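Chains as they are written, first to last, in our numbering: chain A, 1 to 272; chain B, 1 to 253.
No lab work stands behind these hints: they were computed from the structure.
Predicted model, so just to flag it, every value in this text is computed and none were measured.
We treat Cβ as the ideally placed atom computed from N, Cα and C, and that holds for glycine.
The reader is advised that the hints may include incorrect statements.
Partial list, derived from the structure: chain B residues whose beta carbon lies under 7 Å from chain A [said to hold, decoys possible]:
hint: 1; residue: 27
hint: 2; residue: 63
hint: 3; residue: 64
hint: 4; residue: 65
hint: 5; residue: 66
hint: 6; residue: 69
hint: 7; residue: 77
hint: 8; residue: 126
hint: 9; residue: 129
hint: 10; residue: 134
hint: 11; residue: 157
hint: 12; residue: 162
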Amino acid sequence: MFQLAKSLDDALATVADGCLLVVPREVSGVPMAATRALIRRGVKRLHLVALPTSSLQADLLIGAGCIETLETSAVSLGEFGPAPRFIAAVIAGAIKMKDATCPALHAALQAAEKGVPFMPLRGLIGSDLLKYRDDWKVIDSPFGNSDPIVLLPAIKPDVALIHAPMADRFGNVWIGRQRELATMAHAAAKTIATVEKIHDGNLLDDPVLAAGTLPGFYIESIAVTERGAWPLPLPDFYPADAGHLAEYAALAATAEGFTDYLERYVYERRAA
Amino acid sequence: MNVVPHNQSFRSEELLADVIARLIGDCRHVAVGNASPIPATAALLARERGNGRPYVSLLQSRKHNFFTDGARELFDCAGQGRIDVFFLSGGQIDGQGNVNLVSTGSYEYPKVRFPGSFGSAYLYYVVPKVILFRVEHSRRTLVSKVDFISAPGANAANVYRPGGPIALVTNRSLFSFAAGRFSLASVHPGHTVAEVIENTGFDFDRPATVPETPAPTPETLKLMREVVAPQLAEVYPQFAAQVFGVGTAAVAG
């Protein structure tokens with residue numbers, strides 16, 4: 001029988017130093033409470049794959065020194081401006097950057113999902129991205145006549161970390177239409193979910209809910225974490241905390257300000 | 001940008017959205033990516049004018065986004081040719097239509113780092129009409145050669161490429177793009193050809209007489225302000241508040 005984690009820290013135990021961790025984009029439910037817990041624990045040398053982009057989560061992990069390699073298509077705070085710790089780290093050469101393009105990350109995880117070594121993708125030829133990705137190959141399509149196409153190796157994460165509206169006591173997690181969370185879970189060896197609440201009964205018993213449910217089969221651990229995406233939004237449930245994000249953007253503009261932010265909002269265990 | 005000049009009755013953003021809506025034309029599906037409030041305004045305006053046509057997909061929206069198979073569905077759609085129009089910007093854009101969303105200086109030792117390439121290295125190839133937009137029209141943004149090619153303006157003949165750039169919209173002018181070159185199509189009210197030449201870092205073609213970009217009609221402005229702006233506030237609350245004075249309360253819950 002599936003057991004809910006006793007605490008958020010317990011749920012995160014399998015996020016080991018140096019692991020390949022995949023996380024979702026801002027509008028899919030970003031596990032921010034879990035991210036703060038990982039920083040408090042002092043996780044190191046993560047290879048972070050942000051599918052396909054990131055905002056506050058990657059910036060925070062980079063600034064706190066948790067990231068060795070970042071594989072994503074973009075990091076930005078959106079309407080709150082550039083991601084300051086990401087930019088500072090790239091310019092200083094403090095992280096290894098694997099620049100990608102959105103569909104390449106989706107495709108590489110789909111390869112892992114299918115258990116095949118690679119996935120072909122259109123585009124990319126003539127882009128300098130290809131020049132700096134020696135793990136991406138161009139072949140002549142075996143089904144074409146002089147038709148070059150890029151092959152992307154499968155991305156097989158050690159852990160997928162997600163935040164979702166609800167789970168049940170059987171380990172099933174309701175993700176609704178955020179199907180990329182399913183792709184992440186199918187591709188990863190283990191999936192950790194934080195959720196807003198526990199649903200009474202079995203999510204798979206209701207055909208309407210079942211269609212948006214990630215089966216417990218894929219789930220390693222679940223921790224109930226109310227407002228677990230804060231200050232980012234959980235679409236359909238709560239909006240972004242714009243005031244807080246503006247405060248972050250202002251503080252994180254300098255290394256000192258960022259340290260101040262960590263003290264106030266991460267190490268102090270303050271707020272949601 | 002947020003002040004209406006005393007001699008005109010519209011904001012610069014409204015003019016640009018109107019220009020882009022005309023470029024969208026009649027089609028079935030327009031998609032809008034991240035950090036693109038003006039193209040999003042244009043797409044929603046086109047949909048209002050077309051009584052629901054085209055379909056509009058705003059990537060970060062809940063309401064204006066019909067996808068149910070995750071973020072990859074948009075790219076799969078585009079790969080099949082099911083997206084007719086898309087928009088790209090760039091930290092740098094050059095005269096060959098190359099777009100740089102990564103960095104200036106060398107890649108290993110960047111001087112300025114931008115967010116990253118997003119979907120450009122794919123969508124630029126497979127969406128038939130890609131409209132480039134960069135509000136800041138300067139020699140810093142419109143360069144002779146980009147430092148990093150996130151997505152190229154053109155490819156060798158044997159590379160699968162049904163898509164690519166058709167136009168570039170800036171705060172000063174509209175360029176069309178064909179056969180690997182930009183051509184000055186119109187200059188916005190209050191701006192001049194000389195000023196465009198002075199502030200553009202690449203060579204471009206131009207007719208003997210360059211027309212002025214038509215101002216948005218009162219009907220268009222009314223539609224944009226009263227119908228489109230509240231829809232936009234869900235995805236771009238800050239922009240909708242600054243440009244159209246639409247409250248952010250609309251996005252809560």
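Cross-check of the supplied hints:
1. 27: Interface hint status for residue 27/B: violated (20 Å vs cutoff 7 Å).
2. 63: Hint on residue 63/B: violated, closest Cβ of chain A at ~10 Å, above 7 Å.
3. 64: violated, 12 Å
4. 65: For residue 65/B, the interface hint is violated, since the closest Cβ of chain A sits about 9 Å away, which is over 7 Å.
5. 66: violated, 10 Å
6. 69: Where the cut-off is 7 Å and the nearest Cβ of chain A is about 5 Å from residue 69/B, the hint holds.
7. 77: The hint is violated - residue 77/B has no Cβ within 7 Å of chain A, the shortest such distance being about 11 Å.
8. 126: It holds, given that the least Cβ distance between residue 126/B and chain A is near 6 Å, below 7 Å.
9. 129: violated, 16 Å
10. 134: Violated, because the Cβ-Cβ distance from residue 134/B to chain A comes to roughly 16 Å (cut-off 7 Å).
11. 157: violated, 9 Å
12. 162: With Cβ-Cβ at 9 Å, over 7 Å, it is violated.
Violated hints, listed in ascending order, are 1, 2, 3, 4, 5, 7, 9, 10, 11, 12; each of the other numbered hints is respected by the structure.
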